[in-house]
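Here's the letter readout for the chains.
Number of protein chains: 2
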Amino acid sequence: MINGNAKEAKHNGTGHLAWLNTKQFRMLAVTKDYAEFFKRYSVAGSGKVLSTAENEILQAAREIFGIDATRTEEGSDLPHIGLTAVNDGSVDTLPGSFAVKVSGHSIAIIGADELGVLYGVYHLLRSIGSGKSPANAATRQSSRVELRIVQQWDNLREHIADNSGLIYHGSVFYKNQEIVSDMTQIKDYARLMASVCINAICINNVNVNIEEARFITEEKLPAMARIAETLRKYGVKLFLGVNFASPIMVGGLETADPLKEDVKKWWQDTADNIYRFIPDFGGFVVKADSEDQPGPFAYGRSHVQGANVLADALHRHGGILLWRCFVYNCHVDWRDRKTDRAKAAYDNFMPIDGQFASNVILQIKNGPIDFQIREPVSPLFSSLRKTNEMIEFQIMQEYTGQHRQICYLVPMWKEALDFDTHIKGKGSTVTRVIDGSLLDYKHSGIAGISNVYGDKYWTGQPMAQANLFGFGRLTWNPQLDSGEILDEWVRLTFGSNEKILGTIIPFLLNSRAIYEEYTAPLGVGWMCNKGMHYGPSPDAYEYDRWGTYHYADREGVGVDRTQATGTGYTAQYNKPVSDLYDNIGTCPDELLLFFHHVPYSHRLHSGKTVIQHIYDTHFEGFEKVEKFVEDWQTLKGLIDDDYFNEVNARLQLQIEDAREWRDIINTYFYRKSGVDDEKGRVIYR
Amino acid sequence: MINGNAKEAKHNGTGHLAWLNTKQFRMLAVTKDYAEFFKRYSVAGSGKVLSTAENEILQAAREIFGIDATRTEEGSDLPHIGLTAVNDGSVDTLPGSFAVKVSGHSIAIIGADELGVLYGVYHLLRSIGSGKSPANAATRQSSRVELRIVQQWDNLREHIADNSGLIYHGSVFYKNQEIVSDMTQIKDYARLMASVCINAICINNVNVNIEEARFITEEKLPAMARIAETLRKYGVKLFLGVNFASPIMVGGLETADPLKEDVKKWWQDTADNIYRFIPDFGGFVVKADSEDQPGPFAYGRSHVQGANVLADALHRHGGILLWRCFVYNCHVDWRDRKTDRAKAAYDNFMPIDGQFASNVILQIKNGPIDFQIREPVSPLFSSLRKTNEMIEFQIMQEYTGQHRQICYLVPMWKEALDFDTHIKGKGSTVTRVIDGSLLDYKHSGIAGISNVYGDKYWTGQPMAQANLFGFGRLTWNPQLDSGEILDEWVRLTFGSNEKILGTIIPFLLNSRAIYEEYTAPLGVGWMCNKGMHYGPSPDAYEYDRWGTYHYADREGVGVDRTQATGTGYTAQYNKPVSDLYDNIGTCPDELLLFFHHVPYSHRLHSGKTVIQHIYDTHFEGFEKVEKFVEDWQTLKGLIDDDYFNEVNARLQLQIEDAREWRDIINTYFYRKSGVDDEKGRVIYR
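Protein chains in written order, with the working numbering: chain A, 1 to 685; chain B, 1 to 685.
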C-alpha cells in the first residue's frame, strides 16, 4: 500500500487535523485510482450542509491530488464525483443515510438528505485514507441510533470541571472564563464530529454553575446562537446542560418546584426564547438530584414530575430532554453493607417507567456505578420497557488513565452494546434497546462524555483521538468491530506503514485489558485517589460516603451482591443473567469481585487463585506497557517528531504510573493476605 | 468568688474581646478590693507603648468599675495605680520585664521599659479577671525567651493558604485579595497578643506567592509600615515571610544565587529600604528548599550560604532571620524503608552548625515530622550547639481537629519544652536550649503558627482561643503549668462560675489526650485524609511520596527507626534518650509505633496488647467526647447564647468526626489483624 518514496512515507501528522489530515493521504498508492474522479464534481440539491460537503471535495482534491476540481453537470460522462441530496430510493430514509456507488465514470454519493451526502463524502475520504480501492469504498449505510451526541465536561469557571489534580488543556468553547467568539476551533471540532457521524453536542458540563445557567438567558443566547450556526453547517445540533434550579438561579423565581405554574411558565418562556435564537436547538441535558445537584426531590416531586415540565417546554419545538439516571445517595454510611449504590438507578427509575413525556430520553451510564475499567452493564437496560433510553459512555478517561495513559476504550463500549439483556428473550442486546428497535421507542441514542480539551492534539494524549473517532464510528454503527475501527483510525492518522500498524494496533487493541490488569482487579474498582480519580490508593474510598467499597480484609475481598447473602443487586437482571452473576460458579472471572466476596484462595475459572491472579496480572500488565514503551522508540523518524514526542512524554508517565499501580496493589494485597507470589517476583513489604 | 447576683453571673462573652472582656470582670467579688486603686493613676516616663498602658488603665476603670480614673502625681499618698517605665533596679533588665508591687495606697507597676509596664498592666487585668486578690497580683517577672512570635498562615490569594477542604474564616490582614487598610481588627489582634506577652508577628504564610513577595517592594511597603505602626503601639514587631527567589520574582534579576554580587546587593538594598519605612522591622521568615519552595540548593549552595546573605542584609539594622529547618525530600519512594523523613532536619543542619551569621535563628518544629498529635521532640534540639535555635509550635490545629474540634494543645507544647535533651548532661531541657541559656546563644525564641482567622471568635472554634492565650503565656514563661494557664483562661473568658469551671477545665485539660485516643495510635501518625489533613483515612499517605508511613500489615504496625534493624533515627538523640527509644523494652508506650514495628500481640507497659490498646482507646476517646457534648448542654443559659451555640455546633461535628475516627481505625486494624475486641464491642467488618 505504501508508495516507494520513503520521505513521503513519513507520518506527517498535525494533531489538529487528527484523522482528517488529507495531505498525508498522498503517500498512499491507492490514491492514483481516485485521481480522475476528483477532477470534477456535480451537486444535486442545495443547502449549507451540502455546501460543506462540496467544500470537502474541493479541499480533498487540492490536498490529496493537487487538483482544483471543477463543477460539472449532474450525470456527466466524464469521471467525477456526484453529490446528490435527493433520495432516489436507493438510500434508507433515516436522516444521514447515504450510499456510495462506484462506476467507471463516477463515484456517486447519494444522501437521504444533505447530511447523508456529507457523511458519504467523509466515508469516501476515510476509504481513501485507509487505503481502500474505489470498489471497496462503495457502500450503503444508515443508522438506527438517532442521537449520537458528545457532551463536554467543560465549564466556564474551570474549563474542565472535574476535580482532577491533573492538568487539562482548556476548552474549545471557553477561554479565560469567557465564551469564545472566534469560531475557528469550534468549526474544526464540528468537522471532526461530522466526519464520524456525530450529530449533536452538549457544550457544557452537567454540573451547571451560575455562569452556565445563564446560557439560556437573553444575555447569552446570541453567543449560543453563534455556536449553533457553526455547528449546523456540519449537521451537529446544539444541546445545553441546564440546572434544575434555573428558575431560581436565573429566573428570579423563589422556587423551582415543577408543579408550580410560574415555574412551568418560566421553562416554557425560556424554551420559546431559545428557539427564537436557535430554531433547530437540540434540547437540554439534566443532572438532577445527583451528587448534590438540585432536582425535584427537593420539592417532594418525582423525577417524572421534574422531567416532564422541561420536556413539555421543549416539545412544541421538537426539542428533546436528556435526563440522566445517575441518581444515587452520595452520603452512604460505609458501615452499612446492605445499601448498594449499584442498585440506585434501577430503584429510582424502574417504578416510573412509562410515565415520562415522549420527548424524554433517559440517559444511563454503561455500568451501574461510574465508568470504572470493568463494570457489568447497567440493569436498567434489562428492565425499562416503556421509556426512551440511551447509553452514556465516557470518552474522556476519567478513571482509565485520563489524558496521560493510552487506553483504547472501544472494546469496552462494544461489550456493553453487545450485552444480552434478555428483556425480550435471547438476542435482546443493549444495541437493540438503545437504538429503539427492540421496544419500539420513539427516540434513541448514544452519548459520550467528550475527551476534547482543545489543546493542540485536542485530547491531551494524542492517541486518545482514537477514542473520539471510535465513539463516532461505533455510535453510527454498533455492529462495527473494535479492531476494524482501530485499523481505520491508525491508517488515517499514520498512513499505512506496516511497521507503524504492527506496533500501534496490537497494543491499543489490548490497552483496555492491560489497564485493567495493572489497576483494580476483577471488577472491584475504586482503588484510585479520591477527588482526582487518578493513580492508585486502594483504601481511599473504602471508608468514605460514596458507596464504593471493596471490603478487602485479611481473608478476602469483593462485594457480595448476591440475593441469598448480599445486597440482592443481581435480581435487577433478567434470567439467565441474574443467575449467572448470582452463582459464584458461573460468574465471569472479570466481574467476580463486583458480585462476590471471596477468599484470596478462591480459584478462578482460569485455575488461578484470586491472589495469584492479582499478582500475575499486575506484573504482566506492567510488562506490556514496558514493552510498548520500548516498541514506541522504534517509530522515531517514522512518525512526525512532535507527535512522537508528545506520546513519548506521556508514555514515560504511563510506565511510572503503571509501576505505582503494580507495586501498590501487590503490596496492599500482600500486606492483607500474607500470601507470597508463587513466582517469587518482588513484592514490597 | 462569685457575687450574689445570678443575672450578672451569666457569661457575657463577646468573642471578639476573647479573654479581655473586662466588662465581665464586674461580676467578680474580688473587684471591690481593686476599686479604690483604679480611681487614680500616675505615669512616669513617656512613649506610645506607655500611652497604650495608660489607656488600658482608663478603659478598665470604666468597664470594671464604672469610674473615670484621674491622673495624679507620682508617689501620691492617695490610692492609685503607678505606671513607671523607669527601672529602679527592682526589675530585671530583659525587655518587657516588670514588677507589680502592692501596698495599702498603691499598686505600682514598674517596667524595665515601656513594654514592661504594658505587660504589667495586662498582668494586673488578668489577675483581677481570674479572681486574684491584690496581694496575689504582686509579682516580678521577666522572660528569657527573647522572641515570642506568632506566624500567620494567611496569604492574599486564599486568605488561609493550607490546602484544607475545610473552610477557614478569612484573615485579619487580607480581605478580598487586598491588604486591609482599616487597622481596627489588626489593632485588636495586637492587643490580644500583647496581653499575653507575644512580641512579634509574621503576617504572611511561609509559602510566599508573588503577591506576598511584593510586600518588600516600594509599592507595598507603605501598607506594611501602616501595619507595623499599629503593632508597635502594643510592642509587637513586624516580620515578613520572604521567598528565597525574591530577587527573580520581584527584583528583576535572573538568578537568586546567594553568591552572586547582584543578588547580595539586591537583598541589602531591599533591607535598607524596608528599614526606611519600618525602623524597628523584625526581620524575615524563610522556608527554603522545602516542599518545592525555592532555596539555595537550586544553585548548588548550602543553607549557610543562602541564609547568611539575607541575614547580612538585615544585620546592620538589627534585624533577625528566622530560617526554617523543615527541609526534607518530599519525593520519597514508599518502597524504600530505609529513607526516613524524620532524620532530614538533623541531616541537613547538623553539618553546618556554627556557620550561620549571628542574627540567624534556626526555627525548628517541635517534632521531626510535622505537627502530629504525638511525635518525639526534634533531635536537632539535642544536637545543635553553636546556632541560635527556636522551637516552632502549631497553634492552628492543622492535624489536631482544625477549627472544628476542641484540642487544648498547651500540654503537648509543655512536654516538648520539658524534654531533656541531655546535650549538656541531665537537666538540659528544650526550654534551656531555646531560651539560649544552656548554650549561651545570642538570640532565642518560640514561634507559633497562628490560629487567628479573623472571624467573630478569631479562631473558628471559640475554645481554640485557649491555645492562642496559652501559647503566649507559655512562651513568656515556659515554667507555667498547663492547668494553671487553662484555669486562668477559663476564668477570664467565662468568669468564675464553679459549674462552668468544673465542666470545661477537666475536658480541655485532657482534650489533647482524648484526640490522641480516637485518632492515629501510639505515635504512628498520618492516618488522615490527604491534602486537607482532616478526618480518618488510614492508608491515604501509605503509598505516597511524603515519607509518612505506618507499614500496617496483617502481622503488625509501626516504623522501625532503631539503629540495629531500622532507619537509625534514634542515633540522632543523646544517650540515654537514644537508648530509651532504641530499646523496645524502654520505649514509652505513646511513642512505640513511631520507633518500632511490632506485632499486634505486642504487650505495652500498660499490660495491654497493641491491638487491644487501639480498640480501647478508640472506644474510650469517643465516649469522652460524647460525655462532654452532654455536659456542654448543661451550660446552656450560664454561657452567652452565641458562644454556647458556636461551640455546640462544632461539638456536633466533633462527635461525628470522632465516631468516624473510632470506627474507621478500629475496622482498619480489625480487617488487618483479624483480632476481636476482648470486650465484644461493635467493630464493623
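Think of the hints as simulated: they come from the structure by calculation, not from any bench.
It is possible that some hints are incorrect.
Since the list gives no way to pick one copy over another, a pair counts as held whenever it fits inside one copy or between any two copies.
When the alpha-carbon atoms are kept at most 20 Å apart in a straight line, the in silico SDA-like pairs for lysine to any residue are as follows [as the list claims (entries may be wrong)]:
#1 Lys338 - Ile683
#2 Lys530 - Trp546
#3 Lys530 - Glu620
#4 Lys499 - His11
#5 Lys175 - Glu620
#6 Lys220 - Gln293
#7 Lys175 - Phe65
#8 Lys23 - Ile423
#9 Lys414 - Ser437
#10 Lys32 - Tyr670
#11 Lys530 - Glu678
#12 Lys237 - Asn273
#13 Lys338 - Arg685
#14 Lys530 - Arg545
#15 Lys499 - His602
#16 Lys48 - Arg659
#17 Lys187 - Glu623
#18 Lys264 - Leu501
#19 Lys220 - Thr14
#20 Lys636 - His11
#21 Lys679 - Glu623
#22 Lys343 - Gln563
#23 Lys338 - Thr667
#24 Lys575 - Leu17
#25 Lys233 - Gln185
#26 Lys414 - Gly674
#27 Lys39 - Gly535
As the structure is a computational prediction, the values presented were derived from the model and not from experiment.
Homomeric proximity label, Lys220 with Gln293: Cα distance no greater than 20 Å: neither (22 Å within a copy, 42 Å between copies)
Regarding Lys530 and Trp546, is the shortest C-alpha distance of 20 Å or less found within a copy, between copies, in both, or in neither? both (10 Å within a copy, 17 Å between copies)
For the identical chains here, do Lys175 and Phe65 meet the 20 Å Cα criterion within one copy, between copies, both, or neither? Cα proximity of Lys175 and Phe65: none, with 37 Å in one copy and 64 Å across.
For Lys530 vs Glu678, is the C-alpha pair at or below 20 Å within one copy, between two copies, both, or neither? neither (32 Å within a copy, 34 Å between copies)
20 Å Cα cut-off: does Lys48 pair with Arg659 within a copy, between copies, both or neither? neither (51 Å within a copy, 64 Å between copies)
Within, between, both or neither: Lys23, Ile423 at alpha-carbon 20 Å: neither (48 Å within a copy, 77 Å between copies)
Please work out whether the CA atoms of Lys338 and Thr667 approach to 20 Å or closer within one copy, between two copies, in both situations, or in neither? Answer is between: at 17 Å across copies they meet the 20 Å cutoff, but 29 Å inside does not.
Intra/inter-copy verdict for Lys575 and Leu17 if alpha-carbon distance must be at most 20 Å: neither (47 Å within a copy, 70 Å between copies)
State whether the alpha carbon distance between Lys530 and Arg545 is at most 20 Å within one copy, between copies, both, or neither. Result: close both inside a copy and across copies, 11 Å intra and 16 Å inter.
At most 20 Å between alpha carbons: which applies to Lys530 and Glu620, within, between, both or neither? neither (26 Å within a copy, 30 Å between copies)
I want to check one pair: Lys264 and Leu501. Are their C-alpha atoms no more than 20 Å apart within a copy, between two copies, both, or neither? Neither, since 56 Å and 59 Å both go past 20 Å.
Copy assignment of Lys175 with Glu620, given that the CA separation must stay at most 20 Å: So Lys175 and Glu620 fail the 20 Å test inside a copy (42 Å) and across (54 Å) alike.
Of the numbered hints given earlier, the model fails hints 3, 5, 6, 7, 8, 10, 11, 15, 16, 17, 18, 19, 24, 26, 27; all others are met.
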